[in-house]
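Visitor: Now for the letters of each chain:
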Amino acid sequence: MVIFWLSVLAFSILLYVLLDGFDLGVGILFGLARAEDRRRAMIGSVAPVWDGNETWLIVSGVILWGAFPLVYATLFSAFYLPLIFMLAGLILRGVAFEFRDKARQLRVVWDIAFCGGSLVAAFMQGVMVGVLVEGLPVSHGEYAGSDFGWLSPFAVLCGLGLCLGYSLLGACWLVRKCEGEMQSWAYRLIPRLAAVLALLLVVVFVLALALNLRVLSRWLERPYLFLFPVIGVVAAIVLAVSVRRRRIRAPGYAVVATFVAAFATFAITFWPYMIPFSICVDQAAAPHASLAFMFWGEGLFVLPLMLIYTIIGYRVFRGSNATNPSRY
Amino acid sequence: MDSLALLLSRIQFAFTISFHIIFPSFTIGLAAWLTLLETLHVTTGRPLYRQVFEFWLKIFGVAFGLGVVTGIVMAFQFGTNWSTLSRLTGAVQGPLLSYETFTAFYLEASFFGILLFGRSRVPPWSYLFSTGMVALGTMLSAFWIMANNSWMQSPVGYVIHDGVFVPNDWHKILFNPVLWVRFPHMLLASLITGAFCVAATGAWYVLRNEFGPEGRLMLRMGLYLAAVLVPLQLFFGHLTGDYVHDRQPTKFAAIEARWHDEQPASEVLIAIPDSAHETNRFALSVPVLGSVIGSLSLHSKEVGMTDFAREDRPPVAIPFFSFRIMVGCGLMLLFTAWLGAYLARKGRLERSRVLLWLTFLSFPLPFIATLAGWFTAEVGRQPWTVFGVLRTAQAVTPTLTARSALISLIVFSALYALIFVFGSLFIYRLLRAGPAGRLVLPAPDAHTRRPMSVADQLLVMRE
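Chains as they are written, first to last, in the numbering used here: chain F, 1 to 328; chain P, 1 to 463.
Derived from the structure by calculation, the hints contain no laboratory data.
It cannot be assumed that every hint is accurate.
Stated by the list, open to error - Derived SDA-like pairs (lysine to any residue); straight-line CA-CA distance at most 20 Å:
no. : chain 1 : residue 1 : chain 2 : residue 2
1   : F       : K102      : P       : F420
2   : F       : K102      : P       : G434
3   : P       : K172      : F       : P287
4   : F       : K102      : P       : L430
5   : F       : K102      : P       : I419
6   : F       : K102      : P       : Y428
7   : P       : K301      : P       : D261
8   : P       : K172      : P       : I145
9   : F       : K102      : P       : V421
10  : P       : K172      : F       : G297
11  : P       : K172      : P       : F387
12  : P       : K301      : P       : H238
13  : F       : K102      : P       : S424
14  : F       : K102      : P       : Y416
15  : P       : K301      : P       : A276
16  : P       : K172      : F       : W296
17  : F       : K102      : P       : F426
18  : F       : K102      : P       : L431
19  : F       : K102      : P       : A417
20  : P       : K301      : P       : W259
21  : P       : K172      : F       : A289
All figures in this text were calculated on a predicted structure; none of them were measured in a lab.
Assemble the whole structure, with the sequences as input and the hints as a guide.
Guide: Quick look at the structure:
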């Protein structure tokens with residue numbers, strides 16, 4: 001049961017990162033586009049799916065609470081302000097989708113809300129991952145840092161890194177969903193974003209070495225972890241080649257592969273801890289009665305239905321905007 | 001623990017959840033109303049029902065969207081502000097609320113897509129079925145929320161292991177009699193909210209001489225439904241009061257502003273409770289009525305607040321007044337609904353401008369009553385989070401600072417004010433536009449997953 005819910009949790013977080021990642025990324029790139037028709041095309045490409053994407057965040061949140069209450073309590077109270085800012089960002093960009101169209105004079109307000117909200121939400125998610133890697137100070141099951149303790153240089157770099165990563169996903173999404181001038185703009189963005197991201201990752205890695213982070217010792221204990229950076233490098237080559245050849249789908253798959261590799265790296269580095277070096281899986285898991293209660297209803301029946309529904313949703317909107325015209 | 005952080009967390013929770021509940025309580029009622037309209041449309045084939053359906057579907061879309069957006073916060077807030085609560089009771093509350101998310105997401109979101117854009121793609125019976133499933137989804141959501149809250153009001157089916165609540169009988173938790181009184185109470189509140197919003201909109205159109213047939217249909221159906229539902233609600237309200245009387249004597253004493261044991265007890269109709277001196281000022285009371293209300297007897301002894309230690313008492317003024325506001329709203333709604341139904345039977349409904357104004361102005365009352373009811377229930381539960389077992393002061397995140405709590409409260413206040421202003425403006429525009437225009441089928445390629453967008457989809461196509 002514990003392993004079942006841990007897998008479901010991991011899966012739903014990964015799904016959230018990939019799905020909301022590209023639509024947050026489109027939101028960030030939205031700030032770079034000036035022309036109204038370009039902006040409309042960008043919003044239009046994610047409008048039908050963003051709501052469903054964010055549902056996976058809530059699903060992850062409630063699974064965490066139901067199945068691993070200790071982690072839910074410790075993590076969410078430790079990340080008080082980052083989470084509040086992330087939620088504020090998500091709410092702002094969520095309502096901006098709808099209110100932007102209805103606004104007459106105040107469109108610029110919702111433009112800022114859409115881009116700014118996406119940026120803040122992505123940045124905060126990256127910061128939280130950074131703090132986890134750096135090591136969350138926990139004593140006696142409670143967060144032991146200060147209320148701005150999460151704002152370290154390492155975490156800020158991770159926050160920027162995730163913004164870039166999401167932008168990269170967003171650009172690949174635009175390549176797939178748009179045509180003509182918009183598409184070639186997205187193609188031009190990909191190598192630049194990828195280059196800056198690669199540079200940033202090197203800096204993060206050097207900083208991690210300089211800080212002598214405890215997670216690094218895991219790499220010596222579990223050498224098979226080196227497989228994942230290799231996947232990352234291969235994916236980067238695929239990305240470069242496929243962009244040069246103007247492939248539609250391959251760039252997206254390459255970036256997704258990178259994200260999956262990064263996610264797997266974190267998961268394996270942390271294992272068996274859920275919060276590195278303070279709370280492990282068995283310690284955090286809810287009693288069997290709770291896990292079983294969740295399994296026999298939502299785990300066995302509702303979850304598969306949700307997945308089918310998500311897949312159908314994407315199939316309905318497959319293809320590019322031009323071949324699937326809507327009001328945008 | 002920081003006592004200012006505790007206070008700010010309580011204010012923040014009260015504010016965000018009060019703001020959130022407005023939307024679900026409205027949409028639960030509207031989903032049931034849409035199902036009724038679609039049933040009538042399918043069985044009678046009258047286009048009028050369809051016209052009214054399309055109109056309310058747009059409003060439903062906006063309210064549903066705002067409910068989803070404000071609901072995200074709730075899934076996180078237990079962890080951020082109430083970490084001790086979520087750690088200790090997570091094994092009970094977490095699964096209940098995860099069921100809420102799963103069922104709500106599946107039933108509401110997936111069938112809602114068919115509702116918005118499926119008219120041209122699915123047969124009529126399947127469309128009706130989808131409408132019913134959306135209504136069922138909203139009600140199931142309410143069920144899980146009430147299951148969770150009722151467990152906090154009257155915790156059952158658990159044992160405590162190393163200070164942590166471990167569920168040992170889900171059957172007891174899900175078939176808690178308290179839940180099966182409070183769930184219908186909340187459901188009826190939502191249905192009445194829907195009925196009165198419909199009737200008030202109808203009254204508005206009749207007063208303005210616009211949208212005649214649609215306005216009259218909304219007015220009549222809304223009032224007839226309310227005339228049946230409001231008395232039923234008073235009955236379930238009474239049952240809810242019974243459980244409070246039996247299981248939460250401190251809350252009951254606070255609602256009654258009864259400071260000392262009385263036999264037979266009098267009923268304080270109105271007063272200004274004075275906690276410091278443990279007495280009421282300017283009290284207007286009726287002898288013996290307190291025993292009748294509390295125990296249906298003429299000489300029962302009723303418990304007063306001074307039986308309990310000071311640290312175990314809830315604040316008195318808030319439950320006392322909010323309970324009276326709730327009951328007052330309920331009685332006004334009953335009067336309006338019955339008078340309206342009577343006039344409708346006599347065929348004088350549209351000519352009585354007094355009743356039309358009364359109905360139109362009554363639309364905020366169900367919302368106020370719902371909020372006041374929740375304030376009675378939640379403030380009356382204090383000083384406990386889980387009644388009798390876990391104190392609110394112990395439930396708060398121990399490491400939370402007043403500075404962080406203040407920042408988050410300001411962020412949410414600003415954000416919600418913005419959403420409220422624009423959301424109301426948007427709903428007002430839809431109401432103003434009215435159920436006009438010819439009926440169109442949505443384009444087969446329209447989006448299926450943007451609740452709020454259906455409004456302009458339909459508007460655009462009408463032009």
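Visitor: Run every hint past the structure and note whether it holds.
Guide: How the hints compare with the structure:
1. K102(F) <-> F420(P): 15 Å, holds
2. K102(F) <-> G434(P): Judged against 20 Å, a Cα distance of about 17 Å means the pair holds.
3. K172(P) <-> P287(F): Holds - the C-alpha atoms of P287(F) and K172(P) are around 17 Å apart, at most 20 Å.
4. K102(F) <-> L430(P): OK: K102(F) and L430(P) at ~12 Å, within 20 Å.
5. K102(F) <-> I419(P): Within the cut-off at roughly 13 Å; holds.
6. K102(F) <-> Y428(P): 13 Å, holds
7. K301(P) <-> D261(P): Holds, at roughly 7 Å.
8. K172(P) <-> I145(P): Distance of about 16 Å is within 20 Å: holds.
9. K102(F) <-> V421(P): 13 Å, holds
10. K172(P) <-> G297(F): Cα-Cα ~17 Å, so holds.
11. K172(P) <-> F387(P): Since the Cα atoms of K172(P) and F387(P) sit roughly 16 Å apart, the hinted pair holds (cutoff 20 Å).
12. K301(P) <-> H238(P): Holds, at roughly 19 Å.
13. K102(F) <-> S424(P): This hinted pair holds, its Cα atoms lying about 13 Å apart.
14. K102(F) <-> Y416(P): The given pair, whose Cα atoms are some 18 Å apart, holds under the 20 Å limit.
15. K301(P) <-> A276(P): With a Cα-Cα distance of about 24 Å, the restraint between K301(P) and A276(P) is violated, given a limit of 20 Å.
16. K172(P) <-> W296(F): Holds: K172(P) and W296(F) sit about 17 Å apart, inside 20 Å.
17. K102(F) <-> F426(P): This hinted pair holds, its Cα atoms lying about 8 Å apart.
18. K102(F) <-> L431(P): 15 Å, holds
19. K102(F) <-> A417(P): Status holds; Cα separation ~18 Å.
20. K301(P) <-> W259(P): 13 Å, holds
21. K172(P) <-> A289(F): 13 Å, holds
In this structure, only the earlier hint numbered 15 is contradicted, and the remaining ones agree with it.
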